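Listed here are the chains, written in short residue letters.
There are 4 protein chains.
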Amino acid sequence: MSNSFGELFRITTWGESHGGGVGVVIDGCPPRLELTEADIQPDLDRRRPGQSSIVTPRKESDTVQILSGTFEGKTIGTPISMMVKNEDMRPEAYSEMASKYRPSHADYTYVAKYGIRNWQGGGRTSARETIGRVAAGAVAKKILKLSFGVEVLAFVSQVKEIKATVDPATVQFSEVESNIVRCPDAAAAQKMIELIESMRAKGDSVGGIVECVIRNAPPGWGEPVFDRLEADLAKAMLSLPATKGFEIGSGFSSIYLTGTEHNDPFRMIDGKVRTTTNRSGGIQGGISNGELIHFRVPFKPVATVMHEQETVDVENKNTTLKGRGRHDPCVLPRAVPMVEAMAALVLVDHALRQKAQCL
Amino acid sequence: MSNSFGELFRITTWGESHGGGVGVVIDGCPPRLELTEADIQPDLDRRRPGQSSIVTPRKESDTVQILSGTFEGKTIGTPISMMVKNEDMRPEAYSEMASKYRPSHADYTYVAKYGIRNWQGGGRTSARETIGRVAAGAVAKKILKLSFGVEVLAFVSQVKEIKATVDPATVQFSEVESNIVRCPDAAAAQKMIELIESMRAKGDSVGGIVECVIRNAPPGWGEPVFDRLEADLAKAMLSLPATKGFEIGSGFSSIYLTGTEHNDPFRMIDGKVRTTTNRSGGIQGGISNGELIHFRVPFKPVATVMHEQETVDVENKNTTLKGRGRHDPCVLPRAVPMVEAMAALVLVDHALRQKAQCL
Amino acid sequence: MSNSFGELFRITTWGESHGGGVGVVIDGCPPRLELTEADIQPDLDRRRPGQSSIVTPRKESDTVQILSGTFEGKTIGTPISMMVKNEDMRPEAYSEMASKYRPSHADYTYVAKYGIRNWQGGGRTSARETIGRVAAGAVAKKILKLSFGVEVLAFVSQVKEIKATVDPATVQFSEVESNIVRCPDAAAAQKMIELIESMRAKGDSVGGIVECVIRNAPPGWGEPVFDRLEADLAKAMLSLPATKGFEIGSGFSSIYLTGTEHNDPFRMIDGKVRTTTNRSGGIQGGISNGELIHFRVPFKPVATVMHEQETVDVENKNTTLKGRGRHDPCVLPRAVPMVEAMAALVLVDHALRQKAQCL
Amino acid sequence: MSNSFGELFRITTWGESHGGGVGVVIDGCPPRLELTEADIQPDLDRRRPGQSSIVTPRKESDTVQILSGTFEGKTIGTPISMMVKNEDMRPEAYSEMASKYRPSHADYTYVAKYGIRNWQGGGRTSARETIGRVAAGAVAKKILKLSFGVEVLAFVSQVKEIKATVDPATVQFSEVESNIVRCPDAAAAQKMIELIESMRAKGDSVGGIVECVIRNAPPGWGEPVFDRLEADLAKAMLSLPATKGFEIGSGFSSIYLTGTEHNDPFRMIDGKVRTTTNRSGGIQGGISNGELIHFRVPFKPVATVMHEQETVDVENKNTTLKGRGRHDPCVLPRAVPMVEAMAALVLVDHALRQKAQCL
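Chains as they are written, first to last, in my numbering: chain A, 316 to 674; chain B, 316 to 674; chain C, 316 to 674; chain D, 316 to 674.
Rather than coming from a laboratory, the hints here were simulated on the basis of the structure.
Some hints here could point you the wrong way.
[Said to hold, decoys possible] Pairs of lysine to aspartate or glutamate, EDC-like flavour, derived with a Cα cap of 16 Å:
hint, chain 1, residue 1, chain 2, residue 2
1, D, Lys587, C, Glu630
2, D, Lys632, C, Asp585
3, B, Lys517, A, Asp354
4, A, Lys632, B, Asp585
5, A, Lys587, B, Glu630
6, D, Lys637, D, Glu625
7, C, Lys587, D, Asp628
Only a predicted model underlies this, so the values are computations on that prediction, with no experimental measurement involved.
Only chain A is shown next, with the shape it has when bound in the complex (with noise of 0.2 Å):
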């Protein structure tokens, strides 16, 4: 425990890159809502490996089938099982990971914490266990999308030492996914193609930065004291793997400002109560305030490189490991969905969770 997340509507994703499958069962996802595969299949596309020169070359197809839940092509309030079977399974490749931990990966925690691991593919902590958030966040963007008006999006705004020029008010989806790296910033996003393939090339790996943009959430979305809505898109996204923070509005930055100059004034904007500047992210209190919410997580270079590291194997030997087969250089491109389905999935949460309290 625990692999589930969300409190009203709530998922629970189970499998490993090696067995049966992957999947995901969605408790609490309202009834009515026109639901097929084809709803949910794009988002796994542009999750899946595979997809372009600058991603893990990993061959799966990752084709999703809805296995109950739905009836006549409508949800009908019972649990949403969803799986994708796996296909590409090399556990030979694996074979010198059964002996040595990978440096920067779980399998040494792993062993401490639960005496034994899957070893094959890296088992529960392949980024394959992403499918059924990713899956489960198509269907918190569609309620959100339907039900409220409310869209998520992310994009890449750095690799490295690359940083794209992008407007979060303005940004279009169609303009994230124009490239392959997925930054909305046509030039930066070429001189990122380019420094990703240069790290393939070497065998090595980069990290950056994906932005997420949330529009339209209404004023009052949030569960103060604990549960507030930054505290679960912060939760949501440290979840997800190689991320090793979270920011949002003026983020670390906010600390160079005084409290006068950092303040959003409230002002009336077409009869609407709004403030002039966002520094506070679009939440205030732990509760959305109606401005865009806007936030920004690092993931940190993909561990797995093709040259020779230190490390120990299981039985506590110093020994060394170098990658083999299949190499990564860069998860940026296909984390944009995985920040996307976990922002909507804390969303669609406490949109329910606000029904709940109005009588």
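Dock chains B, C and D against the given chain A, drawing on the hints supplied.
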């Protein structure tokens, strides 16, 4: 909801700044722990307003009372209820807040959410709410120390541009407590204090960074895939008022290294599996690896300033508001015990969860 | 754990019979509900010891205080903390209990579980623990009545062999409250009172059945498959001290009918889908169907009797124990508000959960 | 919601009778337990339709597949996903149910709640939903047996008026399984079988009682005050389809004894604290006391009968409905493994919870 935090060591806080008091109920505290008010009060004193010239001058003794859950000085496995009475209530000082929303406070969002608010002193959004957290955190810290030898220590590492030089591996509690700003770098501390005092004089405020280290956590704490240790720490920190982010280990700066540079090599040291660097921040794959757990939390500048600011009133008209009365130029010294408390609550919860899964 | 009950209208009770007091925190109460102590005290008075000649004579005023969660007489969406101070503490009366386990009490099992116990007055296992439940239940009943027109009404229907004749469809609160045993059948009530008084004279005790009806619950409350409405009611009732069972609708006697005889036919009545019999007890498939919800709960005779009984002491030696001091010949009159409270807590929780899933 | 059960050994079931299949995800199963499909299938076979002449003839092999959570024949601490495919789907047999509500089924209440339903074979309300419970229960039973020496055993003790004579202290699994009705009293079993077969011939159905014993549970399991062991067992049982009640130990008959008669005296026996009677049913104050845990559950007669019955259609018009096709005269033989499964799930959850609180 939710005013509860934790799965097995679960706290529920209650109370507004103006009302009968504030408090906390701890459910799940192991029995037979020696516990009296003397274990709790010191951390409340570190959190207390009026403790020095650089924090808010509100006059509260914040004397804690244990109402249940102990017998003859020991816990008995039943809920521990602790309470602090409110003393310094001056509702008249807040009368203007009855009709105006304070910028970058939660006045507006609470009304948006609940349709009603206690405008006296911020009500539930007051920092007084953290009294319950700090009281419960003191219990958590005692368990961690006695049962696991784990130490949780936070300190101020930056105020606005002033950065301290601190070795997280060796910094001691006595160094943190040696000055009123709770920064273990004496030279930096002096500058910080001067800056905060100048802000007080100007009626303005500053923010900064609280850093936290957790020593001796054994390998194996953390519950993938959603309740990763760093995910729960992130949520804990973002649930504190005024926080804008979280980073662990290499954090946001991880993106400037390649995978080869960033990975933490494993080596056998003194018969233990150790890493020779700690960019992971003591957690890999969501599970502690036995290294120092190390994270950083930015606190924005306090929102209440003694300057006229643009805002909106409860009748949705543009207006201005100027802070009056007690002025808090910097929350950081008081945030230190809050950060420790939330970190300790996360850790003890995961310690108990780890016990639960071992047959 | 767990001292919390409910998912969205969640209560946490605390307190032992000897200590600072007992109380409850309600998390999830909808805002803008008018609420003062005057809404709570009447049910506490119905639960109070010393209310009549047939219940325990412990002298407690059980005066409730609302410490948080309301402002100017209305709930504000924050946790409602309520407390009752302990008054009649006579630890010396329990000194023999420090060394001996009372038969059919929880003294031995608490030691087996926690390795320690508060032996004064039963500690947490005292019926005083239900004060928090009854206080929270009073809030739940008010919400049910005001927001949904739902009434929760319990009464004593049997004491030992004495059975009352009561029409669950029409029985009124005033009839229940017309006598000290809370049985709406006046003739049976008189016999019950006489029996209980004779038991008091003998230093013995009796049990019986509390029956509960819930009127006007709309169709649609209940969360299959595990949180079926009757499942949560069963848990709620079995969580009360001294209960030994639960049955709903036809209950245990359902087994004497064939399917054809037992089924409840549907008919349209006054434009509504109704059943012409109600062996289902108002719940089908775990969801309310709009009919009267009707269930029965047996309470065993009070375990403390004024006779010498065989038992074991804390040093695991055979011994005997004779109850002394205050004697409670029958818990049933005081159990009535407890049953109502727990039923109301289940219902309001499911009412809120139903709201949460409707977009 | 909620389709999850348990706190630390947490199962989530999914699936309708018509659809891709049914399944369960177990989260929190301790690692390093030997587990293959061979541990699960026997209990599914005991639950399977078509297993004998006295249960529903639906043709399903109910072959279970473990999709995740094990590696080389052992659990690894990750979620265990198990699935059974649906085979005998005949939606055409249910076409009349598309427009009419079956009496004493959940057709109407599902529409009232969700506004939509899968009318094929009962959808989620089908007994097929219990496959996931029984599969997870088999894992729970294995843990209880291997790690704690605890045995969970259920049997049919009454069918309509026919009562079996069974000694709960000594009854063996082989006796239960020695006949198709799963009643260990051979003579009574024969009469029960004859009765059920006559009901089948008449197109009618009967109910009865399933009794359950739990042996060797150590003192100390159960979590006061709300998650008392008997409270969780009651909820578990009432969450099963067709159950109408629950009683533990002396149950409803407890009310016919005085306190003096009813109390269970403590005596030292073989160096252990024991009770010489067991009216408590193995649980005192919500915590196991080391005696036999013993409870009884009434199952109403199956609602589907081959007779014309009054009902209402989906357009709210009075009509009649006659059951067609496969007829189930008695659920009791198949209910036995369901009761065992739910009891085992409660027990293993509390076993883990008890571990969590011991430092």
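Right, here's what the structure says about each hint:
no., hint, in the structure
1, Lys587/D - Glu630/C, "11 Å, holds"
2, Lys632/D - Asp585/C, "12 Å, holds"
3, Lys517/B - Asp354/A, "56 Å, violated"
4, Lys632/A - Asp585/B, "12 Å, holds"
5, Lys587/A - Glu630/B, "11 Å, holds"
6, Lys637/D - Glu625/D, "9 Å, holds"
7, Lys587/C - Asp628/D, "12 Å, holds"
Violation of the numbered hints given earlier is confined to hint 3; every other hint is satisfied by the structure.
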